[in-house]
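Number of protein chains: 2
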Amino acid sequence: MAFHYLTNIALDKAREEYIALLQENGFAPKTEVIPVQHSCGRITAKAVYAAICAPHYPASAMDGIAITASQSFGAGETSPVTLEEGDFTIVDTGDPIPEGRDAVVMIEDVVKESSGRVKLFAPAAPWQHIRQIGEDICAGEMILASHCTISPAAIGSMLAGGVLEVEVIRPMLVGLIPTGDEIVAPTANPKAGDIIEFNSSIFSAMLKEWGAESISFPIVPDKKELLAAALAEATEKCDAVVLNAGSSAGREDFSASVIAQQGGVLYHGIAIRPGKPAILGYCGEKPILGVPGYPVSGIIVMEQLMKPLVDAWNCRTRQAPDYAEAILSRPVLSGLKYKEFVRVRMGRVGDKLMATPLNRGSGVVSSFMKADGILEIPQGLEGYEAGSKVSVRLLRPLTELENTLVAIGSHDPLLDELADMLHLADGSTWMSSSHVGSMGGIMAMRRGETHIAGVHLLDEADGSYNTAFIRRYFPKGGVRLVECVGRSQGLMLPKGNPLGISSIGDLTREGLRYVNRQKGSGTRILIDYLCKKQGIDTSKIYGYEREEFTHTSVAAQIVSGTADAGMGIYSAAKLYDLDFLPICMEQYDLLIPDYAWDTPMVRRLIEVLQSEEFKKRISALGGYELHNPGKVRERF
Amino acid sequence: MAFHYLTNIALDKAREEYIALLQENGFAPKTEVIPVQHSCGRITAKAVYAAICAPHYPASAMDGIAITASQSFGAGETSPVTLEEGDFTIVDTGDPIPEGRDAVVMIEDVVKESSGRVKLFAPAAPWQHIRQIGEDICAGEMILASHCTISPAAIGSMLAGGVLEVEVIRPMLVGLIPTGDEIVAPTANPKAGDIIEFNSSIFSAMLKEWGAESISFPIVPDKKELLAAALAEATEKCDAVVLNAGSSAGREDFSASVIAQQGGVLYHGIAIRPGKPAILGYCGEKPILGVPGYPVSGIIVMEQLMKPLVDAWNCRTRQAPDYAEAILSRPVLSGLKYKEFVRVRMGRVGDKLMATPLNRGSGVVSSFMKADGILEIPQGLEGYEAGSKVSVRLLRPLTELENTLVAIGSHDPLLDELADMLHLADGSTWMSSSHVGSMGGIMAMRRGETHIAGVHLLDEADGSYNTAFIRRYFPKGGVRLVECVGRSQGLMLPKGNPLGISSIGDLTREGLRYVNRQKGSGTRILIDYLCKKQGIDTSKIYGYEREEFTHTSVAAQIVSGTADAGMGIYSAAKLYDLDFLPICMEQYDLLIPDYAWDTPMVRRLIEVLQSEEFKKRISALGGYELHNPGKVRERF
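Chains A and B, in that order, are what the protein sequence lines are.
The first sequence begins at 1169 in the working numbering and counts up by one.
The second sequence begins at 1169 in the working numbering and counts up by one.
The hints are simulated quantities; they were obtained by calculation from the structure and are not laboratory data.
Heads up, some of the hints might be wrong.
Since copy identity is lost for identical chains, a pair holds within one copy or between any two.
In silico lysine to any residue, SDA-like type, Cα no more than 25 Å apart, as pairs [said to hold, decoys possible]:
hint	residue 1	residue 2
1	Lys1391	Glu1401
2	Lys1376	Gln1205
3	Lys1376	Cys1483
4	Lys1376	Val1201
5	Lys1376	Cys1208
All chains, full assembly: derive it from the sequences and hints.
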């Protein structure tokens, strides 16, 4: 088998060849025999036949008497037949029919005489009111075909048919080997340079969802002989192995050569992004998959290459995933050489299902958690323009997306609290926020892409908030401005304010490192305005071009010591235990378009905004003033 | 709280009041703290916030050197800046940025000098090629809202955010108590009158699928004090209890009074069928559900009353089940007083999605296993006529139904083998058989309701098979007759033929008990024909009106000693180790309509029929002759 070093082979071709090669080498499911009671959700290894009939005896279907039908022949209204005590048996529903009897007469149709004899006024048909043997299941009948998933009712049917044990497919056992010198087990106190090893936990959970099991092996340092030993042990114990490389350059080559030594490598390098450096290795019939260290790359490689193997093991044809047509809210560029997997957030706004690309960094694992779908851009395409109709593979059911409140606009930690309260109030309502700044929110609303937008836009002319911008960008109206909170904006500073900063003017000081917010955000507009008003040359502020997208990420840079000051809201400073120099109170409101106003999601949002619980939770964050949240300030 | 004895209350009302009453009494989920690694699929008890930032340190995004950006200012093509050894640090991707540095220059852009110094020909922007702290997740940010199901990526996000343990909803623990004197643990050797206890296993599997756990308690005999003790123990240990009554009359009353003693009973009797005798009891905040003993009734009561409680415990809004519009192939009658739940088999034939009602006996657990959907007939409706368009709640995904070969017609055990081989050949193809006899199959095909029909119809005129009937019922053609097997028909007799039966003429003997097949089946037509030809008066054959629907069920009656003879095929006699008196070889063929001929399912069926494996498996059953199975005999 040729060893293709750092190939750029198409995914479909590579996958097909990989599975074919493994199957040629003997890749096939193993089976095990387990008690039927524990078999729910398992897959039959072969057809299951009933051992006994159900019912296994002729049973009375009524309360009454069991008789020999022929003794009742000739009975009529005027010519009753009398049965002696020995000629009938009293039976309850479910009781066995005694030998020699072949009919049941309902107790209502029996006239008892004091002598103990009974009178019948109608003949009984043979086998009337008797549950025949095998009415449910006949011995020898096939209960379940091969490769069927066992349902609760199938468990009942097997037990009724006298089948107590069943041969099922043993779940594929996948060994997970994390590698890398800088990799450490999950901790809340990592040192700088430590990379927290959470990929094994993600992969293990994915495998469980697919119907496989896993063993997580200890972290292997970057030593070839240690990796070789770990791989040998895992291959011995497991049906497949995943080598999860660290993220340093050249790490994958290292894995590839160790795999090649112990078996073979079909391909090293697949034309997908993220996930290119995947290694399609094997040891005999056992897959040895080399997975890139970045979590998003790893997840894509696992779902594109390991899931098909698990499905094959489980004798399941790959279920076609659910796709939905959606409209891209932003352009997406793609490399011609790769098939790209882009995580998107989705939401139904009006009659449009929108898809918004998420952060494409391979290291951003939270983007996979937040993703509602995956946009797959075929190899050879340069991408899609904003407004394109695209087909998105769904990661959440469409009904959930239909009930998701889409918030695009300015960031405030209160949005997360709102999302939580909305979902707590109604488990079928969700909220999805994208932080693109106040102006980004207004633009999204103009395009009909969002239900609400958080805005705090200062009108430089008169120091008023929001209304001037709304009039400018919605000249024909069609939106409502809903009161949310007043919040304290100011300079976040390291604890104790070591540099003694006392005003915005201090930001130009030599050696002071500022961290800014992105252009278009209300906070950026505010600092730009304040500097202009005070005649401060922003090109003199070191780091003024360093942009973060949220208040919390600005605070995070300061607390970690990579910046000395940043503009933001009090609640973010409080969260990070930073000093705070208040500059002004500003109005943070929610803009809601008419097209979303009458949706159940928005109605519920208004209820939550008006609740006492909202006031309580937001006040606890600090730095907020709440008057009449949820009240319509003005209709435009 | 009033105790309504044997009420007939509407399901929706009863359920709503039941949940409300329990919640008033304090019914609410309990939580537990578990390691994040084991939390996949679990439900968050409250919002989860990040403890640390991810990345938690500024990391190099490239291989290169880390510098202080300001030292590079002014560098250009013709005016390089030189950095001394102490002014830069070599970094790999993922390495931490040393204190005081704030930019990374890619190794490609660095010119190394032998002195150890480096030259830069372009200025570096502050923070270029550096993964900022919190790029993925910021400390204090909400990672997951309350009551969210934890995904693999969410596990990664929590671990990245320094969250090692998470508070989740502890699965509801349901105690299952089977009761009844005649109830026995699952066995392959039950005695007459024993009722095999498989309901606990079904319920336990259903609960697991819904996200709850269960304990199965030992079987409790019908003694009030024993039941009371078992109930007290289960209520103490569990969050809810299911009392599964035996099927004897009056058993439920017994349960109801024990529940009432220890707590209360809201309703006893719900207007549903099956499932009417359900008991909606409680002990404080704990539901005590009395479930009828018949398995189908029990399953319906569990899904209608216990599942909503599990969903409420798990803070899940009930997901709307999938429904599909289907056409009823047979009429269904319903009692006006009840909401009826009718199990149906389904299949897509041509452009019609067909629904065929299954055996409605409450004891027939296999009907629930075979069901593809549930037809819910509202209270107050008398039922539906054949051909009605009805909305069916799906138990299998629609895509599976689209790939199901529908077989309606004559029974032969080879159909089960065919189903198994079809599914083995292609995991996405299924087969569903209904045994309604040859004539039933022809009628279904005329109505466009089946893909294939097994037929073996003797033309009394000339002793030929099938063609005469096909010409009569399909005068315009439109069907193909496909060769299947020749099979040996004869009299199945108890082992050793104790009555010394040697011909059909013996069937009229005094004391001999015959068991027949249903009218319209090919086997019934055969015996009717044979008797007529030999001048045998069938009214003289005892049990001639006792009808079974399959060869195996006829054999089952004989082996169990409730019949002395029955007409059937050799393979059924062999399966039950019966004696067999061959009468004739007959042709069992498959009729396939033109409208189904070109479907992938039928094409695959023909491939299977023509395979060597088919010949091998069918020959092993015994009594078959195989010439050219899969060959089109004639096109009509």
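Tested hints:
1. In this homomeric assembly, Lys1391 and Glu1401 come within 25 Å of each other (Cα to Cα) only inside a single copy, at 16 Å, whereas the closest approach across copies is 58 Å.
2. Proximity of Lys1376 and Gln1205 under a CA criterion of 25 Å is satisfied in both settings, with 20 Å inside one chain copy and 12 Å between copies.
3. Both within a single protomer and between protomers do Lys1376 and Cys1483 lie at most 25 Å apart by alpha-carbon distance, with minima of 16 Å and 23 Å respectively.
4. In this assembly of identical chains, Lys1376 and Val1201 lie within 25 Å of each other by CA distance both inside one copy and across copies; the values are 20 Å within and 21 Å between.
5. Within a single copy, Lys1376 and Cys1208 get their C-alpha atoms as close as 15 Å, and across copies as close as 9 Å, so both meet the 25 Å cut-off.
The structure shown violates none of the earlier numbered hints.
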